[in-house]
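Based on the hints, put chain F in the right spot on chain U.
One-letter residues, chain by chain:
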Amino acid sequence: MTVLIDIQDLHKSYDTLEVLKGVNLSVKVGEVVSIIGSSGSGKTTLLRCINLLEAFQGGRILVDGQPIGYRERDGKRVRDSERRIAKQRAMTGMVFQQFNLFPHLSALDNITLGLTKVRGLSRAEAVEQAEGWLERVGMLAHRHHRPSQLSGGQQQRVAIARAVAMKPKVMLFDEATSALDPERVAEVLDTIRGLAQDGMTMVLVTHEMRFAREVSDQVVFMNAGRIEEQGPPQRLFGSPASPRLRDFLARSGI
Amino acid sequence: MNYTFNFTPVWQNWPLLLEGLALGLGLAVLSIAIGSIAGLVLAFCATGKHPALRALAFGYVSIVRNLPILVIVLFIFFGLPQLGLAFDKSTSFVLALSLYAAAYMTEVFRAGLLGVPPGISEAGQAIGLTPLSIKYYVVLPVMLRNAMPAFANNFVSLFKDTSLAAAIAVPELTFYAQKINSESFRVLEVWSVTAALYIATCYLISLLLRGLESRLRL
Chain U
7 MTVLIDIQDL HKSYDTLEVL KGVNLSVKVG EVVSIIGSSG SGKTTLLRCI NLLEAFQGGR
67 ILVDGQPIGY RERDGKRVRD SERRIAKQRA MTGMVFQQFN LFPHLSALDN ITLGLTKVRG
127 LSRAEAVEQA EGWLERVGML AHRHHRPSQL SGGQQQRVAI ARAVAMKPKV MLFDEATSAL
187 DPERVAEVLD TIRGLAQDGM TMVLVTHEMR FAREVSDQVV FMNAGRIEEQ GPPQRLFGSP
247 ASPRLRDFLA RSGI
Chain F
42 MNYTFNFTPV WQNWPLLLEG LALGLGLAVL SIAIGSIAGL VLAFCATGKH PALRALAFGY
102 VSIVRNLPIL VIVLFIFFGL PQLGLAFDKS TSFVLALSLY AAAYMTEVFR AGLLGVPPGI
162 SEAGQAIGLT PLSIKYYVVL PVMLRNAMPA FANNFVSLFK DTSLAAAIAV PELTFYAQKI
222 NSESFRVLEV WSVTAALYIA TCYLISLLLR GLESRLRL
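Residue numbers (the working numbering), protein chains in the order written: chain U, 7 to 260; chain F, 42 to 259.
For the record, the hints were derived by calculation from the structure and aren't laboratory data. One should not assume that every hint holds.
[As the list claims (entries may be wrong)] Within a straight-line C-alpha distance of at most 27 Å, the following computed DSS-like cross-link-like pairs (lysine-lysine) qualify:
| # | chain 1 | residue 1 | chain 2 | residue 2 |
| --- | --- | --- | --- | --- |
| 1 | F | Lys176 | U | Lys93 |
| 2 | F | Lys220 | F | Lys201 |
| 3 | U | Lys175 | F | Lys176 |
| 4 | F | Lys176 | U | Lys123 |
| 5 | U | Lys123 | U | Lys175 |
| 6 | U | Lys82 | U | Lys93 |
| 7 | U | Lys175 | U | Lys93 |
| 8 | U | Lys173 | U | Lys93 |
| 9 | U | Lys123 | U | Lys93 |
| 10 | U | Lys34 | U | Lys173 |
| 11 | U | Lys82 | U | Lys123 |
| 12 | F | Lys90 | F | Lys176 |
| 13 | U | Lys123 | F | Lys90 |
| 14 | U | Lys82 | F | Lys90 |
| 15 | U | Lys123 | U | Lys173 |
| 16 | U | Lys175 | U | Lys34 |
| 17 | F | Lys130 | F | Lys201 |
| 18 | F | Lys176 | U | Lys173 |
| 19 | U | Lys93 | F | Lys90 |
Looking at chain U on its own, in the form it has when it is part of the complex:
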């Protein structure tokens, strides 16, 4: 299988605080990778670097073979233009903890905005594709509703539809169920599971350990800005090598 995301020696700091201290990770096409770890371990920051919502100071990230966000010019590292970065971001789809739907647009138009403005589809094509995705996530009946008229779980399903409708090469989920009422978690996990079964490449930052164990091909445990341990879920959850991971799993009730 070809490597889709290749993260090489990634360093990221906020002023003097180093939050990523040399992370190496590769994700192959069709793979589902879950990132677990306590808060402050850098897992969300790592995810946000992959679609350049966070700048990073050292290392490289390659998506589909091309380095994103920065280039070498006369031996200096310079940030790509915003226009170019926008194109690179379109290769990844992102689902946020707080959904972040556009509050002034209907569920349908939340999806068609990107389809028309980024992918350049006509309005009619965009509506057709958006409706297809809304049906897929079970939200077609709510297509004319504004986000404020939807429950958290419904908003998150629309947000997933909005992201995958852009036909990204990889989907990134940032604690997609953490802001939901417990009874709404399952509907969102079902949607994510469906995408995984379709062969979508995904990176998930999650606190849902059982779900991570069930859907992932690879689980990554982060601690203090580094990858402490990684491997297939059976091994990582079944026989964790690092004492910190054992501690973390015990505290998570696994």
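Leaving out everything else, chain F in the frame of chain U:
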């Protein structure tokens, strides 16, 4: 108290009062339109990353907001011609009120922008929208909705400020009221009818803008 009301001179001049009211409304709408466009640009400057543009926006707001509108009106109409910049009465007033409105609208839109959740801009980035598209399709419409109540307040306030145009003899409502007053000496009648016209108009404007606000509510 045995005052005898006599509204006859007021009703005889009723068309003039309405004409004045219409002119005042026209001046207000034009000035608020110009002021809002300038305010929008300044609000983006004030909340942007560029330090010089931020300083420009804050400098403008702090100077203009600390000036009485009447001083701006008089400065433009009587002061600028000394420098060879002369405008007619109405143009001078529109210029003054636009400059004044721009400062207030900058604050209205700046507060609106600060109320736009950063997450929705990130969502726009994540689907690959360019920074300009995000501002236009996402930030602007959400900000305008946030800003509506404050915008409506300022609209009414700025409309009332058109009465100051009487100071440079722009023939709006207050100007005609003064005129009728000095010709008829029906002081109480003239000013109570004028007050009623201002109240009714402001109330209608608020009602209209509140209707718009509730239709746009998120």
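Pair hint outcome, Lys90/F versus Lys176/F [Cα-Cα no greater than 27 Å]: Judged against 27 Å, a Cα distance of about 14 Å means the pair holds.
Satisfaction of hint between Lys90/F and Lys82/U, Cα-Cα up to 27 Å: Status holds; Cα separation ~24 Å.
Straight-line alpha-carbon gap Lys176/F to Lys123/U, limit 27 Å: holds (13 Å)
Restraint check for Lys175/U with Lys93/U, where alpha carbons must lie at most 27 Å apart: holds (13 Å)
Straight-line alpha-carbon gap Lys34/U to Lys173/U, limit 27 Å: OK: Lys34/U and Lys173/U at ~17 Å, within 27 Å.
Proposed proximity, Lys93/U with Lys82/U (alpha carbon, max 27 Å): holds (22 Å)
Lys176/F paired with Lys93/U [C-alpha distance capped at 27 Å]: holds (17 Å)
Straight-line alpha-carbon gap Lys82/U to Lys123/U, limit 27 Å: violated (33 Å)
Holds or violated: Lys123/U to Lys90/F, with C-alpha atoms at most 27 Å apart: Within the cut-off at roughly 25 Å; holds.
Pairwise hint evaluation, Lys173/U against Lys176/F, where the allowed Cα distance is 27 Å at most: holds (23 Å)
Hinted pair Lys220/F and Lys201/F, Cα distance within 27 Å: Holds: Lys220/F and Lys201/F sit about 19 Å apart, inside 27 Å.
Pair hint outcome, Lys173/U versus Lys93/U [Cα-Cα no greater than 27 Å]: holds (13 Å)
Of the numbered hints listed earlier, the single one contradicted by the structure is hint 11.
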